Amino acid sequence: MSQSQSAFQASQAYRTASVTVSPLRAVVMLLEGAARMLKMAIEAGEARRFEESHGHVIKATTILRGLAQHLNAQKGGHVADQMAKTYHSLIMAALRAYGRPDAPAQYRRIITSLNELREAWSFVLKQNSGSAASV
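As numbered in the working numbering, residues 13 to 147 make up the sequence shown, in order.
Just so you know, these hints were derived from the structure itself, not from any lab.
No farther apart than 30 angstroms at their CA atoms in a straight line, the calculated lysine-lysine pairs in the BS3-like style are these:
#, residue 1, residue 2
1, 51, 97
2, 97, 138
3, 138, 87
4, 51, 138
5, 97, 87
If you anchor each label on the Cβ, the simulated ranges turn out as follows:
#, residue 1, residue 2, range
6, 64, 84, 31 to 39 angstroms
7, 87, 63, 39 to 47 angstroms
8, 101, 51, 15 to 23 angstroms
9, 87, 64, 36 to 44 angstroms
10, 81, 59, 27 to 35 angstroms
These figures come from a predicted structure and were not determined experimentally. Backbone N, C-alpha and C fix where the C-beta goes; we use that ideal spot for every residue, glycine too.
Based on the provided sequences and hints, a complete structural model is requested.
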């Protein structure tokens, strides 16, 4: 898959989710999806299905790239900048971990971070009662 195809898929994942639900709910759902993909990557890797594992890692990073591309720096300011750095760090950590003996442990740490982000965005969603606020 080329980088432009991957970027297009990342953008499409966000757009599809945000059309059917509020943008905040879409973020929560996409973070859940990225964590789920990394869990599947762990399972596939442990079963020695390395190509499948790689595919799941790519899907997880594609989701994160889509989230990063849809940050609104004008509305979000410093928070949007920090989120972009966070998403980039998680993407790089996932890609660096692939193929390493400690990849499952690295993926679990990333999943923990994704779950913390998801919980934070869920809190914001509850505070805004599902409003269309975006970062």
